[in-house]
Amino acid sequence: MTADKTLKQAISNITIWRKGEQRAPHKPLLLLYVLSHYRQGHDRLFDYGSEIHEQLLDLLERYGPQRREQRPDMPFWRLKGDGFWELQ
1 MTADKTLKQA ISNITIWRKG EQRAPHKPLL LLYVLSHYRQ GHDRLFDYGS
51 EIHEQLLDLL ERYGPQRREQ RPDMPFWRLK GDGFWELQ
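For the sequence shown, UniProt numbering gives the first residue as 1, with consecutive numbering after it.
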């Protein structure tokens, strides 16, 4: 299987939280953020604290549903369970 097909398959297998008509944008926003940085030449590994937390929080506040508290850490850990990436 090519890298493109593997990536497409991994993305299509991701579970997204749903409640009625509401869907959580956390995983898609995180993936778009990470993939856009890979495309710009970022190394394989990201540092969550310095490279992802604040940026994803900003994206969630701008594009996510209104919540008392946004949790940018949730998709980071849950994507591991989806088999999309590994944590070190």
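Be careful, since some hints might not be right.
Using 25 Å as the maximum straight-line C-alpha spacing, the simulated SDA-like pairs for lysine to any residue come out as follows [claimed, not checked]:
1. Lys-80 - Leu-31
2. Lys-80 - Leu-7
3. Lys-19 - Gly-49
4. Lys-19 - Gly-41
5. Lys-19 - Arg-39
6. Lys-8 - Leu-87
7. Lys-19 - Asp-43
8. Lys-19 - Gln-88
9. Lys-8 - Gly-41
10. Lys-8 - Asp-43
11. Lys-8 - Arg-68
12. Lys-80 - Tyr-63
13. Lys-8 - Glu-69
14. Lys-19 - Arg-71
15. Lys-8 - Gln-66
16. Lys-8 - Arg-67
Per label pair, the in silico range of CB-to-CB distance [claimed, not checked]:
17. Lys-80 - Leu-57: 27 to 37 Å
18. Trp-85 - Pro-65: 37 to 47 Å
19. Asn-13 - Met-74: 16 to 26 Å
20. Arg-44 - Glu-21: 15 to 25 Å
21. Arg-71 - Ile-11: 20 to 30 Å
22. Asp-58 - Leu-87: 38 to 48 Å
I should point out that these hints are in silico values taken from the structure, not numbers from a laboratory.
Glycine residues also receive a C-beta, built at the ideal position from the N, C-alpha and C atoms.
Verification of the supplied hints:
1. Note on Lys-80 and Leu-31: the hinted pairing holds, with a Cα-Cα distance of about 12 Å set against a maximum of 25 Å.
2. Taking the CA atoms of Lys-80 and Leu-7, the gap is near 14 Å; set against the 25 Å cutoff, the hint holds.
3. Restraint check for Lys-19 and Gly-49: not satisfied, since their Cα atoms lie roughly 29 Å apart, outside the 25 Å limit.
4. Annotation: proposed proximity of Lys-19 to Gly-41 is violated, straight-line Cα distance about 36 Å (limit 25 Å).
5. Restraint check for Lys-19 and Arg-39: not satisfied, since their Cα atoms lie roughly 33 Å apart, outside the 25 Å limit.
6. Distance hint between Lys-8 and Leu-87 is fulfilled; the C-alpha atoms sit about 20 Å from each other, no more than 25 Å.
7. For the suggested pair Lys-19 and Asp-43, the alpha carbons sit about 35 Å apart, so the restraint of at most 25 Å is broken.
8. Proposed proximity of Lys-19 and Gln-88 is contradicted: the alpha carbons are some 31 Å apart, above 25 Å.
9. Under the criterion of a C-alpha separation no larger than 25 Å, the hint pairing Lys-8 with Gly-41 is consistent with the structure, at around 20 Å.
10. Restraint check: the Cα-Cα separation between Lys-8 and Asp-43 comes to about 20 Å, which is no more than 25 Å; the hinted pair holds.
11. Taken as a hint, the Lys-8 and Arg-68 pair is broken in the structure, with Cα atoms around 33 Å apart against an allowance of 25 Å.
12. With a CA separation close to 23 Å, the supplied pair Lys-80 and Tyr-63 stays within the 25 Å bound.
13. Taking the CA atoms of Lys-8 and Glu-69, the gap is near 31 Å; set against the 25 Å cutoff, the hint is violated.
14. Between Lys-19 and Arg-71, the direct Cα distance comes to roughly 17 Å. Compliance with the 25 Å bound is thereby established for this hinted pair.
15. For the hint linking Lys-8 to Gln-66, the alpha-carbon distance of about 30 Å lies beyond 25 Å, and the restraint is violated.
16. Simply put, Lys-8 and Arg-67 have alpha-carbon atoms about 30 Å apart, too far for the 25 Å limit, and the pair is violated.
17. Checking the proposed 27 to 37 Å range against Lys-80 and Leu-57 shows it is violated: the Cβ atoms sit about 19 Å from each other.
18. Between Trp-85 and Pro-65 the CB atoms are about 25 Å apart, so this pair departs from the stated range of 37 to 47 Å.
19. Our hint of 16 to 26 Å for Asn-13 and Met-74 holds, since their Cβ atoms are close to 18 Å apart.
20. Take Arg-44 and Glu-21: their Cβ atoms lie about 36 Å apart, and the range 15 to 25 Å is violated.
21. Judged by the Cβ atoms, the range 20 to 30 Å given for Arg-71 and Ile-11 holds: they are separated by roughly 21 Å.
22. The given range of 38 to 48 Å is broken by Asp-58 and Leu-87, whose C-beta atoms sit roughly 22 Å from each other.
The structure shown violates the earlier hints numbered 3, 4, 5, 7, 8, 11, 13, 15, 16, 17, 18, 20, 22.
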